[in-house]
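Undergrad: Sequence:
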Amino acid sequence: MRIVWSIGDPHGIGPEIILKSFLTFGSSTHSFIVAGSYTVLDYYRKTLDLPVKLKLVDSAEEMTPARGGVLPVLSIAEPDDIKPGTISAEAGRLAMESIAVAAGLCQSGVCDGLVTAPIHKEALALAGYTERGHTGFLGKIFGIPSPTMMFFDQLSELRVALATIHEPLERVPGVIRTMNLDAFLSNLAESLKTDFDLAAPRIAVLGLNPHASDGGVMGCEEQDIIRPCIERLSTRLRVQGPFAADGFFGAGIYRNYDIVVAMYHDQGLLPFKVLAFDTGVNITLGLPIVRTSPDHGTGFNIAAKGKASPRSFREATLVAITIAQNRIKQKEHQS
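Residues in the sequence shown are numbered from 370 upward in steps of one, following the numbering used here.
Rather than coming from a laboratory, the hints here were simulated on the basis of the structure.
As the structure is a prediction and not an experimental result, all values here were calculated from the model.
Keep in mind that the hints are not guaranteed to be accurate.
As the list claims (entries may be wrong) - Have a look at the derived ranges for each label pair, beta carbon to beta carbon: (1) Lys509 x Ile622: 31 to 41 Å; (2) Gly616 x Gly666: 41 to 51 Å; (3) Asp593 x Lys700: 17 to 27 Å; (4) Val643 x Lys422: 33 to 43 Å; (5) Gly585 x Thr398: 51 to 61 Å; (6) Asp427 x Leu392: 23 to 33 Å; (7) Ser555 x Asp450: 42 to 52 Å; (8) Thr455 x Phe646: 21 to 31 Å; (9) Thr433 x Ser515: 17 to 27 Å; (10) Ile622 x Ala494: 36 to 46 Å; (11) Gly512 x Lys422: 31 to 41 Å.
To be verified - Only pairs whose alpha carbons sit at most 25 Å apart, straight line, appear in this in silico DSS-like list of lysine-lysine: (12) Lys562 x Lys698; (13) Lys642 x Lys674; (14) Lys700 x Lys562.
Glycine included, each C-beta is placed from N, C-alpha and C at the ideal position.
Make the full structure from the sequences, and use the hints.
TA: This is the structure we're talking about:
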């Protein structure tokens, strides 16, 4: 497989975890390339004394297997100044331009999957971007209005998908009421079939309100929206709920399902990060390309200090390879 890594925010831990991850793939037949900045990677390579050989390339066609020991870099921009741990418009711009170029490499078929290093939302805003993160930005690039954000931990087989993503809490009920939840769950099941080879995934849906509203005592979204949706889809999908979110993870009920659908960001991400902080992977479903990322942020507080763990980024890369292979198998079966 040919994987492109976008550099992330150059002032965060992205460059460090890319370099460290490449070292772990030393004997791999897979090929890797970084879309970003040779200057930035070389700065962190020297600062952290990492034994990685870099090569500035003009085209992704120059990729070679990782076992060759050289990491090619497709340079998008070369910043004049590198300041680890700081927020800047230039850093935000480089991060997003690198994602766009990397996505294009996947779209054209030159690369099989994209793994994105962390970006910083304040830096993006300073650079003039209105998107709140990778998911919305990639959705805009490919004309997908609502790609799905899913989190996956290979060790525990835990998967969590978010019905709403980066929405303020006051807006969540309205979004749930107006979104097409039927289509969301149907598309989710199809993505799990294509990307994870799960022909009939078991889907658990959490309620929005405390105790899943206790029969309407604490809200009506479960009775009006979520339960009717589940009943309609249950004739063709293995979907159950709505479950009270508070005891669902603590009681280990999630182990009975292939994926859990949370109604809002923290409802799903808080338990997921407690259970799989070091090994969790963020996956964007519903795109024409494969995209994964580590389940952590830019780590400005430890940038350039050599303390960043590459484990989640490496897991994200392995998951991207698996999904890309599964998609190839699906196409072969369909042809």
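Undergrad: If I claimed the Cβ atoms of isoleucine 622 and alanine 494 lie 36 to 46 Å apart, would that claim hold in this structure?
TA: 39 Å, holds
Undergrad: Mind checking the hinted window 41 to 51 Å against the Cβ distance between glycine 616 and glycine 666?
TA: 29 Å, violated
Undergrad: Is it true that the C-beta distance of threonine 433 to serine 515 lies inside 17 to 27 Å, as the hint says?
TA: At 38 Å between Cβs, range violated.
Undergrad: Sort out whether lysine 698 lies within 25 Å of lysine 562, counting only the CA atoms.
TA: 11 Å, holds
Undergrad: If I claimed the Cβ atoms of lysine 509 and isoleucine 622 lie 31 to 41 Å apart, would that claim hold in this structure?
TA: Between lysine 509 and isoleucine 622, where Cβ atoms are some 36 Å apart, the hint holds.
Undergrad: In this structure, is the beta-carbon distance linking valine 643 and lysine 422 contained in 33 to 43 Å?
TA: 38 Å, holds
Undergrad: Starting from the range 42 to 52 Å, see whether the pair serine 555 and aspartate 450 falls in it by beta-carbon distance.
TA: The hint (42 to 52 Å, Cβ to Cβ) holds, given that serine 555 and aspartate 450 are roughly 49 Å apart.
Undergrad: If I claimed the Cβ atoms of threonine 455 and phenylalanine 646 lie 21 to 31 Å apart, would that claim hold in this structure?
TA: 25 Å, holds
Undergrad: Could one say that the CB atoms of glycine 585 and threonine 398 fall in the range 51 to 61 Å?
TA: 57 Å, holds
Undergrad: Regarding aspartate 593 and lysine 700, is the given constraint of 17 to 27 Å on their beta-carbon distance met?
TA: 40 Å, violated
Undergrad: Regarding aspartate 427 and leucine 392, is the given constraint of 23 to 33 Å on their beta-carbon distance met?
TA: 25 Å, holds
Undergrad: Please verify whether lysine 700 and lysine 562 have alpha carbons no more than 25 Å apart.
TA: 12 Å, holds
When each numbered hint is compared with the structure, violations occur for hints 2, 3 and 9.
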